Each structure stands twice: as structure tokens, then as C-alpha cells.
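Novice: Sequence:
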Amino acid sequence: MFDIIPIAMLKALYNFVLLACLCPLFSYGLYPSPVDTVPQLHLSVGSKKAGICFGNAPLYSGLRFNVVNSEVRRTNGLDVSVYNHDDKSDTEHTSNGISLAVIYNMVVISNGISIGGILNLIGTENGIAIGGIANILDKQNGISLSGMFTRVDTVNGLAISLCALTSMDFKKHNNRVNGVAIAGWLLNLSQVNGIALAAMNKSEVLRGVSIGVYNKSEKLRGIQVGLFNIAENNPRLFRRLPFFNMHLRK
Numbered sequence: 057m058f059d060i061i062p063i064a065m066l067k068a069l070y071n072f073v074l075l076a077c078l079c080p081l082f083s084y085g086l087y088p089s090p091v092d093t094v095p096q097l098h099l100s101v102g103s104k105k106a107g108i109c110f111g112n113a114p115l116y117s118g119l120r121f122n123v124v125n126s127e128v129r130r131t132n133g134l135d136v137s138v139y140n141h142d143d144k145s146d147t148e149h150t151s152n153g154i155s156l157a158v159i160y161n162m163v164v165i166s167n168g169i170s171i172g173g174i175l176n177l178i179g180t181e182n183g184i185a186i187g188g189i190a191n192i193l194d195k196q197n198g199i200s201l202s203g204m205f206t207r208v209d210t211v212n213g214l215a216i217s218l219c220a221l222t223s224m225d226f227k228k229h230n231n232r233v234n235g236v237a238i239a240g241w242l243l244n245l246s247q248v249n250g251i252a253l254a255a256m257n258k259s260e261v262l263r264g265v266s267i268g269v270y271n272k273s274e275k276l277r278g279i280q281v282g283l284f285n286i287a288e289n290n291p292r293l294f295r296r297l298p299f300f301n302m303h304l305r306k
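Numbering (this note's numbering), first residue to last: 57 to 306.
Simulated from the structure, these hints should not be mistaken for laboratory data.
Among the hints, erroneous ones may be present.
[Unchecked claim] 20 Å max Cα-Cα, derived EDC-like pairs, lysine to aspartate or glutamate: (1) Lys105 - Glu127; (2) Lys195 - Glu148; (3) Lys275 - Glu288; (4) Lys195 - Asp209; (5) Lys275 - Glu260; (6) Lys104 - Glu127; (7) Lys105 - Glu148.
[Claimed, not checked] Simulated restraints, written as ranges between beta carbons of each label pair: (8) Phe110 - Ile174: 34 to 40 Å; (9) Leu97 - Gly240: 42 to 48 Å; (10) Cys219 - Arg295: 26 to 32 Å; (11) Glu288 - Phe121: 49 to 55 Å; (12) Leu293 - Trp241: 26 to 32 Å; (13) Met204 - Lys275: 45 to 51 Å; (14) Ile159 - Arg295: 43 to 49 Å; (15) Ile159 - Phe284: 56 to 62 Å; (16) Arg295 - Ile267: 17 to 23 Å; (17) Ala255 - Asn212: 22 to 28 Å.
Please read these numbers as outputs of a predicted model, since none were measured by experiment.
From the three backbone atoms N, C-alpha and C, an ideal C-beta is built for every residue, glycine too.
With the hints as constraints, model all of the structure from the sequences given.
Specialist: Spelled out as C-alpha cells, the structure:
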């Protein structure tokens, strides 16, 4: 009897200590938002807004894992989801770190790396945007990589697309690439200040170098290298030339 009592007491004491240790970790377990249409339920291991999170926490720092992101305001660290989308006009998702979505990744401001398995839809990317099939970017400061298509308003840096790189809005005439733009098939932009490399290069204004099979620019201030080159601001005799064309005057 006296041998059994200490063991039972030790087990009870162990269970009590274990429960006391686990309670703070899961004390922030489920947080339904009373006003949101989509409940922001999440389980946080750590504090309420930092640590390791499973669920739809609107503000979080650390490691965050969720299936469908909705009404997320800010994530600091690693944010992993299957579908990251928000159609609420009053919520703007800012990601400071890595934002990874298996299917669709929508971020208003990204300071770091944005990865979309199929599509990236980014307002302002300050870092690297990687889209499995497509990147749609309002402003890119850094590097943009896409498997098929990229639509962009402004790129300051490097943009690479295996198929096409085009303007966000074809009716606007102020979208531009300041740096290097590379596409496997088509590059169609208003302004390129730097290097354009594609099978077909079309731009309203080109300040720099364009290399491809077909190069066309309404206003060229630089060099075109390809099988057929068109510089509309050249004298008529030199507007369409094979292999090489140039216009260096203002």
C-alpha cells in the first residue's frame, strides 16, 4: 500500500503540472470574431498574436498555417495557405516575410517573398514574386518570376515570364519596366527603360536595348537587334530594317 500511494501521487502531480503548462499555450485557442461574416477561428501556440498559428488569424507574427485566408490584415513571418483571397475593400493584407498559397495568393503589400502555386495577385511587391502560372502586379520593386504570363503596371528591377509579359491595362500609357524584361514569346509594354528580351518585343517607348525576332517601338532611343526591327520615329528609309536598327537622338 505504501509503495502504491507515492506512485499515484506522482501521477496526479504529473498530470496537474502538465495541464498547468499546456493551459497557457492553448488559452488563445479559438477566437471567433463577432462581427465578421467569416469567423476568424484560429489556434495559437504561444501568445495571442505570435508563435505558431493554425487558422484564420487576422494579425499574426511567426508561423501561420491556414486553408482559406479571409480578412487578413497583417502577417509577419511565414504565412502558408491553400487559397489567399480577400474581397473586402476595408481589409488590406500586408505580408512582411513569406506569403505562400498553393492555389491563389492575393496580397496588397508584400515586403519579402510572395509565392502563388497558380496565381499571384499583388498590389505592391517589395521583394520577389513567384507565380506558378501567372503574376498580376500593380507595382514590383525587385524580381518577378512566372511560369506563363505576367501582367504588370510598373516594374523596378527584373521581370521574367516564360510566355508573355504585358501591360496591366492596355488603355493606360504610363506603365513601364525600369530594368530588365524577359519573355519567351511576347513582351508588350508602354515603356521599357533598360533591356527587353523576347521573341516579339512591342513598346511605345524604348530607352535601351531590345533583342528578339521582331522588335517594334513607336519611339526608340537605343538599339534594336532582331530579324525585323521597326522604329517609327526614324526617317522613313530607316524605320524598318532587318537585323539591326537604332535611334540615339532625343
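Novice: Taking the hints in turn, state whether each one holds.
Specialist: Verification of the supplied hints:
1. Between the alpha carbons of Lys105 and Glu127 the distance comes to roughly 15 Å, so the proposed pair stays at or under 20 Å and holds.
2. A distance of roughly 15 Å separates the Cα atoms of Lys195 and Glu148; the hinted pair therefore holds under the 20 Å criterion.
3. For the hint pairing Lys275 with Glu288, the CA-to-CA distance comes to about 6 Å; that is within 20 Å, so the pair holds.
4. This hinted pair checks out: Lys195 and Asp209 have alpha carbons roughly 6 Å apart, not beyond 20 Å.
5. Pair hint Lys275 plus Glu260 holds up; C-alpha atoms about 6 Å apart against a cutoff of 20 Å.
6. Restraint check: the Cα-Cα separation between Lys104 and Glu127 comes to about 17 Å, which is no more than 20 Å; the hinted pair holds.
7. With a C-alpha separation of about 18 Å, the suggested pair Lys105 and Glu148 falls inside the 20 Å cut-off, and the hint holds.
8. Against the hinted window of 34 to 40 Å, the Cβ-Cβ separation of Phe110 and Ile174 comes to about 23 Å, which falls outside the hint.
9. Separation of Leu97 from Gly240 is about 43 Å and conforms to the stated range, judged on CB atoms against 42 to 48 Å.
10. Take Cys219 and Arg295: their Cβ atoms lie about 29 Å apart, and the range 26 to 32 Å holds.
11. Checked against the hint of 49 to 55 Å, the C-beta distance between Glu288 and Phe121 comes to roughly 53 Å, which is consistent with it.
12. For the pair Leu293 and Trp241, the beta carbons lie near 30 Å from each other, so the given range of 26 to 32 Å is met.
13. As the Cβ distance of Met204 to Lys275 is approximately 29 Å, the hint placing it in 45 to 51 Å is violated.
14. At roughly 46 Å, the beta-carbon separation of Ile159 and Arg295 lies within the given 43 to 49 Å, and the hint holds.
15. Checked against the hint of 56 to 62 Å, the C-beta distance between Ile159 and Phe284 comes to roughly 40 Å, which is inconsistent with it.
16. Checked against the hint of 17 to 23 Å, the C-beta distance between Arg295 and Ile267 comes to roughly 19 Å, which is consistent with it.
17. Checked against the given bound of 22 to 28 Å, the beta carbons of Ala255 and Asn212, roughly 24 Å apart, stay inside it.
This entry does not satisfy hints 8, 13 and 15, going by the numbered hints stated previously.
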